[in-house]
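**Q** Listed below are the residues making up each chain.
Protein chains: 2
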Amino acid sequence: MNLFEKHKETIETAIKALHERTFFAHYPEHPKAYAEDADTKGREAYVARLGKNFDLLLQSGETWLGDEESPYTQEALGIKYPASDEETLIAHAKKGADAWRKASPEVRVGILLESLDRFQSRFFENAYATMHTTGQGYMMAFQASGPHAADRALEALVAGYEELKRFPAEATWVKPMGKYEIKLKKSWRAVPKGIALIIGCSTFPTWNSLPGLYASLITGNPALVKPHPGAILPIALVVAEIQQVLQENGFDPHICQLAVDSYSSPNTKKLAEHRDVKIIDYTGNSAFGNYLETLHGKSVFTEKTGVNSILIDSTDDVDSMIQNISFSLLLYSGQMCTAPQNYYIPEGGIETKDGHISYGDLIAKLIEAINGLALNPKVGPFVLGAIQNLDTAKRLSDSAKLSGSRVLLESQAIENPMFKNARTATPLLLEVDATQHDLFSQELFGPIAFIIKVKDIHQGLAIATDLGKKYGAMSCGAYTTNQETKEKIMDEMALAGTPVSFNLAGGIYINQTASFSDFHGTGGNPSANASFTNPEYIVKRFTWVGFREPA
Amino acid sequence: MNLFEKHKETIETAIKALHERTFFAHYPEHPKAYAEDADTKGREAYVARLGKNFDLLLQSGETWLGDEESPYTQEALGIKYPASDEETLIAHAKKGADAWRKASPEVRVGILLESLDRFQSRFFENAYATMHTTGQGYMMAFQASGPHAADRALEALVAGYEELKRFPAEATWVKPMGKYEIKLKKSWRAVPKGIALIIGCSTFPTWNSLPGLYASLITGNPALVKPHPGAILPIALVVAEIQQVLQENGFDPHICQLAVDSYSSPNTKKLAEHRDVKIIDYTGNSAFGNYLETLHGKSVFTEKTGVNSILIDSTDDVDSMIQNISFSLLLYSGQMCTAPQNYYIPEGGIETKDGHISYGDLIAKLIEAINGLALNPKVGPFVLGAIQNLDTAKRLSDSAKLSGSRVLLESQAIENPMFKNARTATPLLLEVDATQHDLFSQELFGPIAFIIKVKDIHQGLAIATDLGKKYGAMSCGAYTTNQETKEKIMDEMALAGTPVSFNLAGGIYINQTASFSDFHGTGGNPSANASFTNPEYIVKRFTWVGFREPA
Chain H
0 MNLFEKHKET IETAIKALHE RTFFAHYPEH PKAYAEDADT KGREAYVARL
50 GKNFDLLLQS GETWLGDEES PYTQEALGIK YPASDEETLI AHAKKGADAW
100 RKASPEVRVG ILLESLDRFQ SRFFENAYAT MHTTGQGYMM AFQASGPHAA
150 DRALEALVAG YEELKRFPAE ATWVKPMGKY EIKLKKSWRA VPKGIALIIG
200 CSTFPTWNSL PGLYASLITG NPALVKPHPG AILPIALVVA EIQQVLQENG
250 FDPHICQLAV DSYSSPNTKK LAEHRDVKII DYTGNSAFGN YLETLHGKSV
300 FTEKTGVNSI LIDSTDDVDS MIQNISFSLL LYSGQMCTAP QNYYIPEGGI
350 ETKDGHISYG DLIAKLIEAI NGLALNPKVG PFVLGAIQNL DTAKRLSDSA
400 KLSGSRVLLE SQAIENPMFK NARTATPLLL EVDATQHDLF SQELFGPIAF
450 IIKVKDIHQG LAIATDLGKK YGAMSCGAYT TNQETKEKIM DEMALAGTPV
500 SFNLAGGIYI NQTASFSDFH GTGGNPSANA SFTNPEYIVK RFTWVGFREP
550 A
Chain D
0 MNLFEKHKET IETAIKALHE RTFFAHYPEH PKAYAEDADT KGREAYVARL
50 GKNFDLLLQS GETWLGDEES PYTQEALGIK YPASDEETLI AHAKKGADAW
100 RKASPEVRVG ILLESLDRFQ SRFFENAYAT MHTTGQGYMM AFQASGPHAA
150 DRALEALVAG YEELKRFPAE ATWVKPMGKY EIKLKKSWRA VPKGIALIIG
200 CSTFPTWNSL PGLYASLITG NPALVKPHPG AILPIALVVA EIQQVLQENG
250 FDPHICQLAV DSYSSPNTKK LAEHRDVKII DYTGNSAFGN YLETLHGKSV
300 FTEKTGVNSI LIDSTDDVDS MIQNISFSLL LYSGQMCTAP QNYYIPEGGI
350 ETKDGHISYG DLIAKLIEAI NGLALNPKVG PFVLGAIQNL DTAKRLSDSA
400 KLSGSRVLLE SQAIENPMFK NARTATPLLL EVDATQHDLF SQELFGPIAF
450 IIKVKDIHQG LAIATDLGKK YGAMSCGAYT TNQETKEKIM DEMALAGTPV
500 SFNLAGGIYI NQTASFSDFH GTGGNPSANA SFTNPEYIVK RFTWVGFREP
550 A
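So the sequences go chain by chain: H and D. Take 0 as the starting number for the first sequence in numbering that gives the first Met the number 0 and just add one per residue. Take 0 as the starting number for the second sequence in numbering that gives the first Met the number 0 and just add one per residue.
Don't read these hints as lab results, they were simulated from the structure. Some hints here could point you the wrong way.
What the hints assert, rightly or not - With a Cα cut of at most 30 angstroms, we get these calculated DSS-like pairs of lysine-lysine:
1) H:485 / H:364
2) D:178 / H:352
3) D:94 / H:468
4) D:174 / D:164
5) H:469 / D:268
6) D:393 / D:419
7) H:7 / H:101
8) H:174 / D:40
9) D:31 / H:174
10) H:352 / H:79
Everything numeric in this text was worked out from a predicted model, so none of it was measured.
With the hints as extra help, turn the sequences into a complete structure.
**A** In structure tokens form, the structure reads like this:
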């Protein structure tokens, strides 16, 4: 059975899910769904790689590079990956390019889906690799970097497959001309744009990179995966699986290459500016993302920085709300592009089912909830994880001294029961006035939040949408029991290109977006010009070219 | 009956056609399909507008502008259009914008389809308006500017409608969590990007502008139509119909405004750079198109210049081939972005069903065919039409003296039986060697062609694809009876983003692309970053924004 036949049902089900946008997940997200010894074996596999050359890739290199360091042990992983200069990588990518673009969508989708299934067998190894590069807690490292990333990849993959099949490969065109007719045989080819470059980030090495990688590959482009020097291993595991399946099926494994660099000798600009690189996927800071967007004649997909807001107007259940927004702030120490930063709270307090709650009481509840989670040794260490890098740690200590703001809650290190050297930090809570835009209009990546005292939610909404349009926003959480206010928020946030989660409570948070249902990013504000996975995310990676002749 | 119900069948049929890509035309293309007196009435309506203020628009202006001049009479039309500065136009566009974006796709598609049907009643008036602004011959002015343009608009319109309906407006998302479930109500909105600017050209004022206009309007954006100062009337007629239908249905007519300027005081850059203009459609020269493409944060769709080629290898019917490629060169005096310019002919001649034909004999046949058409008083004037502007006339006379080339056939003026002052020119044919890239690598817009002597078709193909990748190409015509050569041409032209017409004979020419079947432009080379109408042409005009809340 060929790989397309093997995965046909999954492909069909996934395409259906793409259009229904109800719950769909192909890869089970809970560790308990896997074999009992999978965790142990995964950890062992991870440990066995430490201090060695990474030997799973079917590509060679002129040197071996690797700068990864665990935020939990603050020690180098010592893993080295094969590295080549940009001209060698490009030359190798071209070797297999013709065969790959000429392969049918069925062949490509079969191979790529097979690679995701193979990656599944490494979800536990990947969880440890992700923990010790990103600093994510174990559960997030398992879920976000494993099944959730694979499902987002699957989403992009089948969206690409669907788009390639959207128009017929050929058709007969008959134009009536009165007494005669003109009859043409026509055909169309989906032509890949060229070499794709996927530039990874240090916090979500697979989740943020797999959609672009699979979208470019399914549409026939060879791919260069340029991981962040601080988080290589997780995506190296995926690239290895792709290369393996490519080779088994008679394709050159260099169709998908790892393109590692180091902090001291970065290769990203050289690759991005190379004339043969036609597609770029990027997650990272806005300055570099904006530069990439100016590169002429390339399809550039960016996810940059933004300032996310929580808008509070009224609620039926104040404690659930407080619990929910506190957890959102804690999750992975705020090192998520969807984490809330700006909490707009009415100075006169809010109405709840149980009566009025003053501004002061709300703040007190919030601080109590944050402490209750962060300082609980059974919760804090696992939800906060560790701080990925020293820049974030420095940003946090600098922010505590931010002139003009008032510290409501200081950040502190907590003990991680498993890793005594873990770089940890509980959230810093700063209070500012609504007029102090300069303090809270930029993203302060990490566990830093502003309580912004506003007249009412309408003032908060006006500021938040203004900042979103100017500086970007990936998410918004809003609490209101008023239908009119809700509609106003939806309308104005829509114009700011910002998705809104209303009245979230319980085990669902604004930080999370679900594949096959939530678009991640909208492309409608400066935080991202791309969206996982809307049609634009696919169609800019290839062009339709037609041919015709008399039939 | 509302307008959606009225046009529902057309919408459904057209969407089906978009995916089948067999022949589909909604608007009859032949004048004889219309009422007997339609032509007379159309000409009278056109004549009645000369020397007057254009009074069909539902917008006012601070001044009246109009620089149009007929290439047939070389006299000013004297029609003036209401004009406003860019801030006034933008402010007016915003007035109706909220109502338009909040209208359902059904309401918008109904209104826009109705406007196209109303435009149909002006096809004859529009034919004369097009003749006397562009210089097109009557039949082309009727077809290309009327039914063909309306069908391309319909294509973009229903492609937009389909894309807006591609995802559900709402869905319930239920995630099983073992003993409980998380249930969210989700909804999505297609949010328009902002004000759209459509920048027209002087040769195809409706055909090249209507797709972008209708694509932007259906996706909820208000539109500013900036015609070329030399060709306003045809598209002013369309804008007038759109405004009328908008007003009849309770919308502000300023959702679609004419934004005229003059040669002495152009407004295009001011409009294009305006912060509220988020979408730009453009047809014209590459220098300005490339500048527009660099404007950050805007969706820019361009059709610029390119160099189209005819590749000759072998043929079953040499006379049909010669007749076909000669006609392609004559049609509207080569003033088409799809007109062939570079004819690659093997120095050793070619094989035909009737034996070998030498290079010299092929050239002789081509010259004979061109003269036979151009100098035939019953054919030449009507196929050639007139030269739109003095720049093209000057380019033609300059090219006759092009250093390094040899003149095979001189251009000459011919008499037009109806317009003694018509600015006419038969094709100029220049012979160059394959090495003289600098002579033929740029578009020389107008009736100018190069005969490029090549070793064989493979050398021609190599040069043509190289030039296509560097400078762009909108079309290619190839003649070969060899299957292997054909596949090679398809593959290499695909990589150069250039559609190929093989072995065309009879009444179909490489210059023509059919709506609902041929993509016009591919976006795959520098001649155009846009394609009528692939999905990319639609999806970059709006973003998907999602909302969710506990169900």
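**Q** Please flag the earlier hints that this structure goes against, numbers listed from lowest up.
**A** The structure conflicts with hint 10 only, although it agrees with all the remaining ones.
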